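When you read off a place in the sequence shown, starting at 1, and then add 18, the result is the number in my numbering.
Since the hints were made in silico from the structure, they are not lab data. Hints may contain errors.
Stated by the list, open to error - In silico DSS-like pairs for lysine-lysine, Cα to Cα no more than 30 Å straight-line: (1) 185 to 318; (2) 175 to 261; (3) 238 to 414.
Here the structure is a predicted model, which means the values were calculated and not measured.
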Amino acid sequence: MRISIVGSGYVGLVSGAGLSDVGHHVLCMDIDRQRVDGLRRGEVPIFEPGLEPMIRRNMDEGRLEFSTDIKAAVAHCQVLFIAVGTPPEEDGSADLSHVLAVAAEVGDCLDKPLLVVVKSTVPVGTCETVRDTIRDRLDLRGVSHAFSVASNPEFLKEGAAIGDFMKPDRIVIGVDNAEAESLLRELYAPFNRNHEKLLCMDVRSSELTKYAANTMLATKISLMNELSNVAARVGADIEQIRKGIGSDPRIGYSFIYPGPGYGGSCFPKDVRALEHTARSAGYEAELLQAVEAVNARQKKVPFSLLSRHFGGKLEGRNVAVWGLSFKPDTDDMREAPSIDLIEEALQAGARVVAHDPEAGDEARRRFAGRTGFTMAEDPYEAAADADALVLVTEWKQYWSPDFERLAREMAHAVVIDARNIWPPAVMRKRGFSYYSIGRP
Numbered sequence: 019m020r021i022s023i024v025g026s027g028y029v030g031l032v033s034g035a036g037l038s039d040v041g042h043h044v045l046c047m048d049i050d051r052q053r054v055d056g057l058r059r060g061e062v063p064i065f066e067p068g069l070e071p072m073i074r075r076n077m078d079e080g081r082l083e084f085s086t087d088i089k090a091a092v093a094h095c096q097v098l099f100i101a102v103g104t105p106p107e108e109d110g111s112a113d114l115s116h117v118l119a120v121a122a123e124v125g126d127c128l129d130k131p132l133l134v135v136v137k138s139t140v141p142v143g144t145c146e147t148v149r150d151t152i153r154d155r156l157d158l159r160g161v162s163h164a165f166s167v168a169s170n171p172e173f174l175k176e177g178a179a180i181g182d183f184m185k186p187d188r189i190v191i192g193v194d195n196a197e198a199e200s201l202l203r204e205l206y207a208p209f210n211r212n213h214e215k216l217l218c219m220d221v222r223s224s225e226l227t228k229y230a231a232n233t234m235l236a237t238k239i240s241l242m243n244e245l246s247n248v249a250a251r252v253g254a255d256i257e258q259i260r261k262g263i264g265s266d267p268r269i270g271y272s273f274i275y276p277g278p279g280y281g282g283s284c285f286p287k288d289v290r291a292l293e294h295t296a297r298s299a300g301y302e303a304e305l306l307q308a309v310e311a312v313n314a315r316q317k318k319v320p321f322s323l324l325s326r327h328f329g330g331k332l333e334g335r336n337v338a339v340w341g342l343s344f345k346p347d348t349d350d351m352r353e354a355p356s357i358d359l360i361e362e363a364l365q366a367g368a369r370v371v372a373h374d375p376e377a378g379d380e381a382r383r384r385f386a387g388r389t390g391f392t393m394a395e396d397p398y399e400a401a402a403d404a405d406a407l408v409l410v411t412e413w414k415q416y417w418s419p420d421f422e423r424l425a426r427e428m429a430h431a432v433v434i435d436a437r438n439i440w441p442p443a444v445m446r447k448r449g450f451s452y453y454s455i456g457r458p
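Given only the sequences and the hints, what does the whole structure look like? Please build it.
Rendered as structure tokens:
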């Protein structure tokens, strides 16, 4: 099939690479000329394991191309995906301006039957607005062409997106006619051979499913962090509790790891957007408000542990930070817990030396010009002469460091483990003042 994807960001690139890898001919369109020129040279602007070689392979084999021309994108395809960003507004609602701008441009150049699929994460009712926008533009032109608008939310985990796309748990589509369902079944047939993964529903339910999934996961994280704070105050060990409840199949082990709070491009934005949607419908979603409030408070815990150790006197202290991205295997720092820690440490007069395997460039951009912040090329370089080391993101290379070297090279052997990856008894036996989340 001939597919066009408007928006060459995270979702658009992974989708384009995955669809072309099973044989579809995909044109990815983006208005950013510099990004498109780089992609044509095989330069992928985001870090995602496995993405760059997949893009290059499908470009070389002629199934994947890039353009800045929306007319070419519309002319190319049977199915056009909208995969542009929906950043949050100040009130928590999703900014749909990019989605609707694409819809207007499609309406301005549509000259044949087309299925438009909204893959961007959007509030309930957006597909109807996209449909109305395209129809209004066709009316302005005085023409009529058959088209449909469907919903197909993405469920990709950063750091594991290629595997998620190529071997999905489920494929959710929201349609309002049999022809659109048939086209999408044909499109996703290569991903659906092992067993039935395609879940077909009405459009509004499909739109809400994406928000419901992310909110459910965010809720598990906030609840576990709330429990960790209770455990810390009553002398219990949250890691033992995690195993005790995770063994219950009704709960499971996924997303019940205590830590410094969730971040990234999805959970924070989607929880707020669903809260706004509920309020717009006349309902106060108090649980969603609590999920967000607990997460905001949890991001303060690593700094609180650090400050408490030094009696609130951090001015002139050297603080090493390991891990800046909001999770391992990505360079995404959007709403990452590391940002809160670094900001608070700098405001307290500390100097911060940070290390991250992939997010260094983003950190330098984000903290450009900030006195007291520097990036290290090596984790031990970051820890040299540090008064404290804070582990924020649990990249694999941090799991088994040379602790003897750390203790020798740090000014003070103080460790804040915000991911609970190191055993407390072992760390203290090695001579570290060791603090973690919800453990005695």
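| task | Could you work out which earlier hints the structure fails to respect and list their numbers in ascending sequence? | result | 1
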